[in-house]
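There are 2 protein chains.
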Amino acid sequence: MTNHRQLLKDDRLMPLRIAESAREPAELVEFHRWLAELGERMYTRADRVPLSELTGWHTEESTGNLRHDSGKFFTVEGLDIHMPGGPVAHWSQPIIHQPEIGILGILVKQFDGVLHCLMQAKAEPGNCNGLQLSPTVQATRSNYTRVHRGKPVPYLEYFQDTSRHNVIVDVRQSEQGSWFQHKRNRNMVVEVAEEVELLDGFCWLTLGQVHRLFREDNLIAMDARTVLSCLPFAGTDLAKVFPAAADEFHSALFRSCDADEGSLHSADSILSWITESRTRTDVFTNRIPLHDVAGWYRTEEKIAHERDLYFDVIGLDVDASGREVGRWTQPVIEPHGVGVVAFLAQVIGGVLHVLVHARVEPGFVDAVELAPTVQCIPENFDPLPPEARPMFLDYVLNAKPDQIRFDTELSEEGGRFYHARNRYLVIELDTDADVDDRYFRWMPLHQLVDLLRHSHYLNVQARSLVACLHSLSGA
Amino acid sequence: MTNHRQLLKDDRLMPLRIAESAREPAELVEFHRWLAELGERMYTRADRVPLSELTGWHTEESTGNLRHDSGKFFTVEGLDIHMPGGPVAHWSQPIIHQPEIGILGILVKQFDGVLHCLMQAKAEPGNCNGLQLSPTVQATRSNYTRVHRGKPVPYLEYFQDTSRHNVIVDVRQSEQGSWFQHKRNRNMVVEVAEEVELLDGFCWLTLGQVHRLFREDNLIAMDARTVLSCLPFAGTDLAKVFPAAADEFHSALFRSCDADEGSLHSADSILSWITESRTRTDVFTNRIPLHDVAGWYRTEEKIAHERDLYFDVIGLDVDASGREVGRWTQPVIEPHGVGVVAFLAQVIGGVLHVLVHARVEPGFVDAVELAPTVQCIPENFDPLPPEARPMFLDYVLNAKPDQIRFDTELSEEGGRFYHARNRYLVIELDTDADVDDRYFRWMPLHQLVDLLRHSHYLNVQARSLVACLHSLSGA
Chain L
1 MTNHRQLLKD DRLMPLRIAE SAREPAELVE FHRWLAELGE RMYTRADRVP LSELTGWHTE
61 ESTGNLRHDS GKFFTVEGLD IHMPGGPVAH WSQPIIHQPE IGILGILVKQ FDGVLHCLMQ
121 AKAEPGNCNG LQLSPTVQAT RSNYTRVHRG KPVPYLEYFQ DTSRHNVIVD VRQSEQGSWF
181 QHKRNRNMVV EVAEEVELLD GFCWLTLGQV HRLFREDNLI AMDARTVLSC LPFAGTDLAK
241 VFPAAADEFH SALFRSCDAD EGSLHSADSI LSWITESRTR TDVFTNRIPL HDVAGWYRTE
301 EKIAHERDLY FDVIGLDVDA SGREVGRWTQ PVIEPHGVGV VAFLAQVIGG VLHVLVHARV
361 EPGFVDAVEL APTVQCIPEN FDPLPPEARP MFLDYVLNAK PDQIRFDTEL SEEGGRFYHA
421 RNRYLVIELD TDADVDDRYF RWMPLHQLVD LLRHSHYLNV QARSLVACLH SLSGA
Chain H
1 MTNHRQLLKD DRLMPLRIAE SAREPAELVE FHRWLAELGE RMYTRADRVP LSELTGWHTE
61 ESTGNLRHDS GKFFTVEGLD IHMPGGPVAH WSQPIIHQPE IGILGILVKQ FDGVLHCLMQ
121 AKAEPGNCNG LQLSPTVQAT RSNYTRVHRG KPVPYLEYFQ DTSRHNVIVD VRQSEQGSWF
181 QHKRNRNMVV EVAEEVELLD GFCWLTLGQV HRLFREDNLI AMDARTVLSC LPFAGTDLAK
241 VFPAAADEFH SALFRSCDAD EGSLHSADSI LSWITESRTR TDVFTNRIPL HDVAGWYRTE
301 EKIAHERDLY FDVIGLDVDA SGREVGRWTQ PVIEPHGVGV VAFLAQVIGG VLHVLVHARV
361 EPGFVDAVEL APTVQCIPEN FDPLPPEARP MFLDYVLNAK PDQIRFDTEL SEEGGRFYHA
421 RNRYLVIELD TDADVDDRYF RWMPLHQLVD LLRHSHYLNV QARSLVACLH SLSGA
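Going down the list, the sequences are from chains L and H.
Terminal number for the first sequence in this note's numbering: 475, no gaps in between.
Terminal number for the second sequence in this note's numbering: 475, no gaps in between.
In case anyone wonders, no lab produced these hints; they're calculated from the structure.
Keep in mind it's a predicted model, so treat the numbers as computed, not measured.
Check each hint, because a few of them may be wrong.
Since the list gives no way to pick out one identical chain from another, each pair is judged satisfied if it fits inside one copy or across any two copies.
Claimed, not checked - List time: in silico DMTMM-like cross-link candidates among lysine to aspartate or glutamate, alpha-carbon distance up to 20 Å:
1) LYS109 <-> GLU24
2) LYS9 <-> ASP450
3) LYS9 <-> ASP260
4) LYS240 <-> ASP260
5) LYS109 <-> ASP268
6) LYS9 <-> ASP268
7) LYS72 <-> ASP282
8) LYS109 <-> GLU27
9) LYS9 <-> ASP237
Construct the entire structure; sequences and hints are all you get.
Structural data, given as structure tokens:
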């Protein structure tokens with residue numbers, strides 16, 4: 001029996017439409033005026049409070065775990081990690097357990113033939129600077145099932161029922177595997193054709209505008225970066241639509257988005273390398289009671305490492321205007337020091353490649369994800385012997401100005417982390433270095449974008465850097 | 001700094017080379033003579049023994065779990081499953097826990113310009129019929145780290161160090177999620193150019209020959225089917241290399257392997273549907289002591305369900321000739337009845353599509369995988385009300401002869417399951433049915449093959465059926 005319904009071919013236009021939106025000149029005077037005006041009206045004040053004074057949260061007697069009284073949101077608990085053969089074979093640590101999958105969604109719509117993103121200015125309690133530019137929707141499941149009886153999440157309906165819309169991105173991706181146990185969010189980009197009401201606190205920006213804003217410290221929020229990184233900003237013949245590049249680096253960057261330009265390693269050999277990395281690595285993790293975590297201490301104030309490294313768990317008293325619930329307290333993670341997150345980059349055969357690291361983090365669902373070349377908080381290594389220092393860290397920190405292709409300080413999620421900032425860098429190699437080894441591979445952007453259609457290949461820091469690299473394609 | 005190393009493009013030749021090997025006429029007289037002769041020399045005798053008489057295995061006092069004295073291989077333990085909103089919201093069951101990732105590998109080599117697969121005739125203790133055709137290598141990690149001090153696994157070195165070879169497939173895939181907790185194996189196909197010694201018990205076959213053998217009951221072993229299913233047997237322009245098809249079904253099958261022919265749903269919308277299915281579904285599983293499993297009983301003899309449904313855990317005393325260790329005992333799972341595993345198929349727009357089911361199994365790493373339209377042991381539903389009967393089961397069982405495009409009884413893995421057999425079917429719809437709903441999608445083969453480059457999208461039964469469908473392309 002034959003059915004004559006119409007078949008679809010792959011949408012090869014979408015990468016072009018995305019590239020065109022990225023090429024739009026970035027007029028931002030109006031945007032900055034809007035953001036400044038909004039910053040005066042919308043605020044989130046967050047004061048540190050002792051953990052013992054959190055309201056709505058309690059410490060579970062039998063485990064020491066920090067839990068919300070509703071049993072929802074998240075818990076702070078312990079994780080015990082065995083990694084035979086790893087640099088540290090066994091340790092335990094506090095970790096955030098939040099098994100539910102939330103939605104991070106950007107709504108896009110064509111105006112005058114150009115795709116625009118609906119971005120939200122949002123002041124998360126952990127932000128170091130008030131408002132940051134966030135996705136249209138950031139909804140935990142508690143949000144949209146209304147556990148905390150707040151206001152409904154605006155625009156959420158576009159992501160919950162996509163049947164009338166064009167789904168461009170819809171993929172679950174991991175978040176910080178050192179601080180979260182198995183945390184994933186659903187990253188979505190949905191294109192609508194219909195009229196969309198513009199609410200206070202939201203604005204339509206071209207990708208070109210958003211990309212230009214990547215140059216400003218702590219402006220593009222983590223949740224926006226991860227969603228943007230999943231855009232199919234790579235395709236065949238894409239190099240041809242970009243304007244003539246200013247220099248060899250930018251030509252190589254454009255070619256890096258074009259699947260027809262090839263790559264140092266075939267897609268199959270990259271997949272095989274990932275399989276090998278994930279098969280080789282034994283990571284045994286066990287959730288344990290928070291009070292069984294070794295090497296950490298707890299006071300009325302906070303939970304901290306006995307050498308004051310890594311991070312503290314502290315309490316916040318939050319007073320927010322314009323958020324779903326006006327006032328609450330919560331625990332957050334406060335890292336010690338500003339991190340360094342960097343890709344080494346190299347033009348290989350005319351195509352920009354970045355050096356990707358197969359990295360283990362204890363909270364990953366699948367042991368290993370692809371990470372930046374360097375990802376660490378340097379201060380954590382100060383008390384350790386030199387051989388424990390992360391590979392390439394000193395090379396990155398000592399890069400000459402003309403090697404630095406991207407350099408912006410950006411924040412991690414302000415809903416769970418307090419003043420967590422990383423310096424995001426793209427550093428071009430100044431020597432022809434053949435550094436592929438079992439833990440590293442050179443990959444062009446189009447291979448990374450291809451993997452980003454699927455879950456759990458790239459960690460959140462690598463995704464941020466992919467978005468940063470895309471931002472360099474702007475006019 | 002620019003590096004002038006040569007870049008690679010995607011290997012578009014491989015699908016053609018695979019299709020050419022599949023088109024080879026299937027001369028099998030010699031093969032059957034070889035297999036018959038081998039069957040007289042190589043045997044595995046397996047006698048049922050009471051669980052209490054297993055040697056080298058013990059029942060853990062505190063849990064009731066069945067463990068090997070070495071702590072290796074696998075354990076039989078309990079799993080407690082909560083699936084709010086599912087057809088059964090809560091149950092517990094015995095399950096096999098085997099966290100290590102083994103290797104299933106097929107070595108391929110070109111002879112006279114045609115790819116040949118090195119297949120192994122292997123008599124697993126749970127096989128109902130002695131020898132079955134298996135991959136070149138089937139190695140648990142215990143095998144290759146030599147826990148049981150047996151002989152080395154022949155040909156394993158080709159899969160452990162692939163640097164000199166061409167890796168065609170290398171991906172971890174799940175196994176039976178109803179019987180295994182988080183079981184994965186690494187599925188590999190490696191092409192060698194060098195001379196390969198042909199050992200006793202092995203033979204080189206073209207894909208055309210292997211495909212013809214899919215028509216014989218219980219001959220192509222599960223481990224061979226899953227590896228074969230991961231071959232990139234789909235590509236662009238592939239429809240053109242197949243011979244003129246005998247009928248519309250076969251033309252549609254060839255077009256189904258050709259990515260240029262399109263599909264009812266775009267790749268992006270399929271990925272979004274999978275994300276939606278995996279986000280929607282809450283499956284909470286907890287490993288529990290085997291003696292805490294409710295509704296199951298244990299005797300000296302076996303572990304069984306109180307209504308004698310599903311499966312038993314029994315003991316086997318194995319006497320094998322030609323295996324790594326000559327004599328051993330072990331527990332195995334013996335299912336109750338022969339299962340039905342079927343794809344409904346339909347020609348849509350000239351391209352064969354199969355109806356894929358987003359299915360929950362408790363042992364999956366990621367809640368939902370794509371499964372056949374029908375996958376069950378019908379007898380398990382006899383005591384249940386009619387509304388509990390799986391969708392499409394009766395349609396499949398009542399199909400008219402001219403709707404049945406594939407129909408072979410095939411075995412599941414004989415190393416862990418005793419006489420576990422399924423009737424594998426491809427049934428062509430006799431009416432133009434629009435059955436897409438939130439749990440089902442029509443997909444052509446090339447979309448399935450594309451997903452099979454990545455882990456955990458298709459379950460082992462769906463992979464078997466993909467291999468069965470490919471087998472229909474033969475000369």
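Q. Okay, which hints does this one fail, numbers in order?
A. Hints that this structure does not satisfy do not exist here, as all of them hold.
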